[in-house]
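Peer 1: Each chain, written out:
Number of protein chains: 2
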Amino acid sequence: MNFTEKLIVAPGRKIDVRDIDPSEDFGWGKKNLDRLVERNTRGLMEYQYKIYAENRQSLLLVFQAMDAGGKDGTINHVLYAMNPQGCRSHSFKVPTKEEAEHDFLWRYHKVAPSAGEVVIFNRSHYESVLVEKVHGFVSPKEVKKRYGLINDFEKTLLSNRTTILKFFLHISKEEQLKRFKDRLDDKRKHWKISESDYTEREYWDDYMKAFNGLLNHCSTKHAPWFVIPSNNKEFRNLAVSEIILDAMKHMKPALPETTADLNRIRKLYYPRAAKKE
Amino acid sequence: MNFTEKLIVAPGRKIDVRDIDPSEDFGWGKKNLDRLVERNTRGLMEYQYKIYAENRQSLLLVFQAMDAGGKDGTINHVLYAMNPQGCRSHSFKVPTKEEAEHDFLWRYHKVAPSAGEVVIFNRSHYESVLVEKVHGFVSPKEVKKRYGLINDFEKTLLSNRTTILKFFLHISKEEQLKRFKDRLDDKRKHWKISESDYTEREYWDDYMKAFNGLLNHCSTKHAPWFVIPSNNKEFRNLAVSEIILDAMKHMKPALPETTADLNRIRKLYYPRAAKKE
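Residue numbers (our numbering), protein chains in the order written: chain A, 37 to 313; chain B, 37 to 313.
Among the hints, erroneous ones may be present.
Intra- or inter-copy, both count: the list cannot distinguish identical chains.
[What the hints assert, rightly or not] When the alpha-carbon atoms are kept at most 25 Å apart in a straight line, the in silico BS3-like pairs for lysine-lysine are as follows:
#, residue 1, residue 2
1, Lys146, Lys129
2, Lys86, Lys269
3, Lys217, Lys86
4, Lys285, Lys225
No wet-lab data here; the hints were simulated from the structure.
Use the sequences and the hints to build the structure in full.
Peer 2: This is how it looks when you write it as structure tokens:
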């Protein structure tokens, strides 16, 4: 199965995430998926090395989801093996005063990938058309304007050879409640719990509509959105790892040519080995 | 064996790295060391999670070595499993114009760890008393002054609860030549080769003296240096992983207490489960 083609939000096509079953796994079930993810992980490591060495292109991975949707889990399971050299992950907290005094894209632009890097956004500039829209901090008119500015921003990143992949990890409202329960049942996760996790659930449908908005306006050829059915974590990990690996292959990163005179070095510093040849 | 005690440069004691055998492995040989490193890696992941969750302390890992000394290899093998969330790695290239126009610590301070982070310096502020000293870019008097400023800088980081560990990966001159040969023999590594790698070897003894200087002046109680015999890569990985794990344990990171009323949440959102109890 070609996960990229299957799960992409085709630019120009209108979708409604409420039509997409978060439990869909296209018959993959749970069997052996971890082994496939593991194999993909080795591919990701291999390609990350090449991207890093090539030092010419970069990759930006955007993760958005409802709370407990699996952003942390995906980053842990799929991207843990990324070499921290050349890979950065950013989560974005309440804006600082300085950040709030700039345009809404400023703080994201500051940490955009430079050549050779893989950068992960755990939540992203899309929060500005999600939580801010849902809670009415911005007008519908402003939201529409932001879609355009976001597309322009991503085009700017592309101009520096940044490949952008955006993942919406799609879970059901029931699945969220179940996962919240897991946190309640696991002492090690109690620190993550706040009552607002639960009250925010009242806005579920508004969030889905906000996701529809950004998916339908901001899935572009060069910075596509993917809707990943994520009730099944193993399927989610497989899908995300397949899509990233696929994109890395398309980037065709190449190890740089050497500028050194290797034969001269061989003769000068390894005379005996050179003679043997 | 307590690697921390064995390999630390005891503050105040004068050492000469030329007295330390880079092939020393204290009888560990090569047997099964990878499995021990693997086990330590799981410990590192566990503690990194706690440091991240606690969001109060941080860890700075400094790696210095001669070229081919194994900085990249150690980071790959020991720290690959660090979750990119909460772990950053920095290597430092030729200073930009802006960086060069500041004091010699400015660009390092900018990327120092914030609460909850593990930060890796692949080369570091110590280059300012290494390559710059060896090539006479700074006077001996200035070098001495820098030792003091570096110690002050590290004390400042400590004041924000940053634990600092500094590793000198110690290889022999012959081992370096051998490793350079491996690069020559591996097409995938040709891009890393430059002739200056070889000409720089003429300064080997000056570098060792420069290392002596910084080890003897900048190994402090709260930011100690470790000399890791590194001709044997497996031993090196084991030693580094042991020392980091040891330090993380000493940090005693604790998961934060929850501020939510968990019983209220249980009753409100999981009435059936709550009844059963």
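Peer 1: Which of the listed hints are not met by the structure?
Peer 2: The structure breaks none of the hints.
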